[in-house]
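Engineer: Listed below, chain by chain, are the residues.
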Amino acid sequence: MEKKLCVFLVCAVLSACTLTGCGHNASGGSEKDRPIKIGVLYSLSGVTSVSEKQLYDGTKMAIQKINENGGIHGRKIETVFADYASDPAKAADKARKLILDEKVTAIIGTCSSSARKAVKPVVESYHSLLIYPQSYEGQEQSKNIIYVGCIPNQQAEIFVKWLLKNAGKKFFLIGCDFVYPQVENKLAKEYLAAGGGSVVGEEYVPYGSTDFSSVLNKIKSSNPDIVYSELTGDSNVAFYKQYHAYGLKATIASLTTNETVLKSIGADAGKNSFICVDYFKNVENPINQTFVKKYAETIKDGTVPTYAAMGGYNGGLFLGEALRKAKDPENTQQVAEAFRELQIDSPSGKISIDGKNNHTRLYCRIGKVDEKGEIHVIFTSEKPIDPKP
Amino acid sequence: MDSVLALLLNGLNSSALILMAALGMVIICGLMGVINLAHGELIMVGAYTAYCATQLLGLNFAAAMALAFAAAALAGILMEVLVVRRLAGRPAETMLATFGISVLLQQLVNIIFGAQSQYVAIPIKGNFSIGKVVVPYYNIFTVCFVAAVMAGTVLLMKKTKFGRRVRAITQNRDMAECLGIDSARVDTVTFAFGSGLAGLAGALAAPVKSVSPFMGGPYLVNSFMTSVVGGIASFFGTAVGSLMVGESTALLGGVSNDVTANILVFLMIIAVIRFKPEGLFAKERR
Amino acid sequence: MRRLAEIPVNRYLDFALFLALGLFPLFGSLFYTQLLEKYLVFLIFAFSLDLVWGYAGLMDLGHAVLFGLGGYTMALSLSAQEGVPEFMARYGVKQVPLWLQWIVPQPAAVLVCILLPALLAGLLGRFLFYSRVGGVFFSVITLALAEIFSLFIQSQQEYTGGFNGIGGLPGLSLFGHSLSLAEGYYFVFLMVLLVYIFCRALMTSRFGLVLRGIRENETRLEFLGYGQARFKTAAFALSGALAGFAGALYVPVNGMIAPNDVGMEFSTAAVVWLAIGGRGNLTGAALGTLLVNVLGNALSEHFGAYWQLLLGAALLAVVLFFPNGIVGSLQLAVRGRTVRKGAARRE
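Protein sequence lines correspond, in order, to chains U, C and G.
My numbering puts the last residue of the first sequence at 389; the count rises by one with no breaks.
My numbering puts the last residue of the second sequence at 286; the count rises by one with no breaks.
My numbering puts the last residue of the third sequence at 347; the count rises by one with no breaks.
Check the hints yourself; a few may be wrong.
Covered by chain G, per the in silico footprint, the following chain U stretches (three or more residues, Cβ under 8 Å) [said to hold, decoys possible]:
no.: 1; segment: 77–90
no.: 2; segment: 101–115
no.: 3; segment: 177–184
The following label-pair restraints were derived from C-beta to C-beta distances [unchecked claim]:
no.: 4; chain 1: C; residue 1: L108; chain 2: G; residue 2: Y130; range: 24 to 34 Å
no.: 5; chain 1: G; residue 1: F198; chain 2: C; residue 2: L108; range: 47 to 57 Å
no.: 6; chain 1: C; residue 1: G126; chain 2: U; residue 2: G168; range: 41 to 51 Å
no.: 7; chain 1: U; residue 1: E124; chain 2: G; residue 2: F27; range: 54 to 64 Å
no.: 8; chain 1: G; residue 1: N217; chain 2: U; residue 2: Y126; range: 52 to 62 Å
no.: 9; chain 1: U; residue 1: K327; chain 2: G; residue 2: L179; range: 49 to 59 Å
To be clear, the hints were calculated from the coordinates, so they are not data collected in a lab.
Every residue gets a Cβ at the ideal spot worked out from N, C-alpha and C, and that includes glycine.
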């Protein structure tokens with residue numbers, strides 16, 4: 001009896017293995033109407049899932065828009081989604097899966113620098129292409145990665161100058177304890193030194209920390225004009241709430257807050273603070289108005305588009321344009337070439353890829369939060385700013 | 001001087017929150033020997049109840065707290081009756097099962113509300129200053145409220161019939177059953193009470209902390225540390241333990257960062273266990 | 001002892017599993033081979049956890065700390081092969097610190113990867129088991145340790161790469177010759193086999209028997225003169241060594257290591273593998289690890305949060321209805337049948 005059972009088990013295990021091994025089927029059809037496959041790589045669970053849901057929604061809308069408008073020369077774009085659960089090692093695995101098994105032309109995705117850094121060697125070794133939609137600390141270039149989000153010289157540099165002119169000279173720098181905030185703060189100190197400002201304090205809290213009482217008293221006693229923050233996720237939310245409870249007077253200036261965060265902290269805690277990113281929901285132009293309406297109809301979870309959603313959207317639009325421009329949209333090499341100096345009309349303005357460094361020329365915008373928690377765009381750069389990674 | 005005072009006051013507030021979170025766990029563990037890994041998620045349930053009550057139903061904060069207690073207590077009852085009771089006498093398995101429950105609760109809330117943090121308005125606004133030190137009124141409320149809950153719990157355990165039963169079972173379960181105490185019922189009620197306290201902790205933290213599906217983890221670890229320092233079955237020990245954890249994190253956080261403070265507290269715990277295995281304040285019990 | 005019915009059903013299962021794993025690269029796609037190579041490393045980690053949990057009865061909820069110690073040691077060693085690594089230079093570290101220079105040679109690194117976690121486990125055991133801390137308190141303390149260790153790793157950015165971890169590391173190499181995917185796969189496979197044989201041998205040895213005795217009845221074994229603390233500490237240290245070894249293999253196979261791999265998340269993940277597969281027989285550890293990871297990889301795309309939900313529910317169901325896990329329950333079922341058959345024959 002047990003022998004039979006064992007034979008059965010051996011067979012079962014073997015067949016399971018072969019099945020997983022050859023689980024993917026080639027999509028048929030002729031050359032002309034076969035869809036073009038692209039990979040979409042985000043985490044819908046785990047610590048970075050809040051931002052990544054927005055990136056994902058943005059990308060989804062962009063692809064939908066391209067397909068509704070007839071696709072790429074009549075061919076639809078087919079997205080293959082992979083979820084890496086906020087785990088950089090899994091991100092690399094999934095990127096390999098998308099490239100090797102799904103044979104996608106390009107991947108759009110990843111959110112944190114750690115995930116991007118994990119995927120970078122993968123796309124480089126398989127000569128694939130990653131479109132990275134999030135803003136980050138810069139200092140990286142790869143011919144296999146297109147960076148769609150803003151980097152410090154398009155955001156922090158202008159922000160600090162503007163704050164020095166309009167809000168105050170004494171800065172208190174705060175961030176979560178990892179590379180992005182530290183690089184941003186290091187640069188902020190340089191910008192401040194150049195612009196005649198001063199740093200009265202600098203604090204880092206562990207990623208995800210939500211207890212700010214000692215930090216808040218340090219802020220109080222150092223008496224700054226501006227609290228310059230790159231806190232992210234839960235820490236960011238808790239910081240605004242406690243800052244409000246402590247009734248501190250200095251203005252918060254953030255590089256990471258967006259409409260979703262404002263909703264979590266409430267209008268009271270958020271009011272009068274400044275935010276600097278490349279896109280707000282309240283940007284005024286016809287393309288954006290259509291986009292915001294469309295977003296509400298498509299996403300339907302009560303959220304509004306944020307700069308993260310816009311990053312995902314821009315990434316998708318750029319990719320669509322590049323596919324259209326490339327002779328063979330399934331040839332990654334040609335698609336990557338097509339990105340050079342590519343320009344699109346996005347809700348955030350006319351933006352383009354800088355062929356020298358694969359980063360994007362973006363507008364810089366500063367918003368001020370009003371009593372109702374709405375962001376008013378009070379500054380927009382005259383033209384898109386050249387990226388200097 | 002001011003800064004030391006500031007740190008001590010901050011520490012008191014964190015201590016109160018830690019104590020509130022740990023109290024429920026200590027009560028449950030003391031009576032049933034069950035370590036509830038879903039304790040952090042009960043705190044989360046409390047916080048989300050506060051969110052639903054204040055933002056969606058428009059109730060005031062006091063009602064929200066009552067509801068948070070009720071919701072978490074209900075979750076506790078379900079857990080006790082459906083899972084914990086079936087695994088009586090197998091603490092490791094119970095722990096594992098509660099871990100399963102914690103994953104379930106996290107994902108349920110994640111699916112229903114989404115991963116983003118939710119907003120709960122702060123019920124008591126304003127603050128006052130002692131010299132350079134700012135103290136929000138809400139912190140004072142937190143400390144007082146936790147002290148009151150603590151006192152109430154101690155009274156409940158020492159003065160009421162129910163408390164006497166709980167203590168009898170804690171000391172000798174078999175004997176208590178012989179004397180006609182319905183231990184199953186006492187277990188359920190205690191589990192519900194402990195869970196309810198966790199819910200209260202969640203509601204209390206909601207206005208000043210982040211309210212998200214994965215908020216429970218840090219509370220769980222802090223509760224563990226506190227209850228191990230204090231001796232897992234002792235209220236007084238837990239109170240002192242939470243003061244130690246809260247104050248040392250705050251004081252050390254003033255000079256270095258939170259991580260160093262956490263590591264030191266952990267080393268202290270290991271030392272406590274080495275030299276006083278029953279915790280600092282537990283009565284000798286064999 | 002060696003009656004046919006006594007040869008446990010799990011040995012057949014082991015055979016089938018290893019056969020399937022050994023043949024996989026011949027059939028499987030490039031990607032799945034690479035993925036499975038990583039899961040093979042997880043097998044070693046699962047075996048090491050089975051040693052403490054399955055055999056010594058100590059549910060370690062922070063086992064990834066030991067894995068991470070090995071992993072980070074190896075990652076540091078690999079990243080410092082050509083001078084100061086990038087993440088250190090960022091924080092103004094000008095030259096490779098002395099302690100890092102020592103572990104740059106690979107044999108030294110492997111040795112430290114194994115000894116360091118063993119030492120930590122030994123010390124922890126020395127403190128805990130000799131104070132008679134066991135059962136759930138051991139779990140509580142190890143869980144707290146996992147949380148703190150991952151915070152610690154995140155805070156020491158100039159030496160650990162902080163939140164981003166250490167990445168871009170070279171793959172497996174042996175005596176200066178870097179291995180191809182297939183070679184690497186079979187190298188890891190061989191390691192898994194060796195660890196498996198080692199664990200099996202250990203468990204049938206006197207040491208293993210005493211350990212199981214302590215798990216079943218601590219007091220009786222103490223009366224017989226077997227100090228529980230000594231045996232538990234030894235088992236924990238051994239398990240630490242294996243976990244560290246798994247960590248050391250993981251880094252070149254994976255190409256990176258990050259705080260995710262050393263904290264609560266990964267520790268509890270491994271506990272779930274064992275709980276579902278069954279523990280105390282190595283087979284359950286292997287089966288659970290492969291099952292949960294392969295399914296997770298296949299299902300997480302399409303079900304996202306629902307996959308996690310399912311995993312939580314599965315864990316709950318296993319604990320409530322199949323406390324011995326899949327393999328344990330299978331063993332019981334088979335044994336029950338043979339016992340019944342034997343009884344029938346006797347009649």
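Engineer: None of the hints should be skipped; say for each whether it holds.
Structural biologist: Right, here's what the structure says about each hint:
no. : hint                        : in the structure
1   : 77–90                       : holds (count 8)
2   : 101–115                     : holds (count 4)
3   : 177–184                     : holds (count 4)
4   : C/L108 x G/Y130: 24 to 34 Å : violated (42 Å)
5   : G/F198 x C/L108: 47 to 57 Å : violated (42 Å)
6   : C/G126 x U/G168: 41 to 51 Å : violated (24 Å)
7   : U/E124 x G/F27: 54 to 64 Å  : violated (28 Å)
8   : G/N217 x U/Y126: 52 to 62 Å : holds (56 Å)
9   : U/K327 x G/L179: 49 to 59 Å : violated (38 Å)
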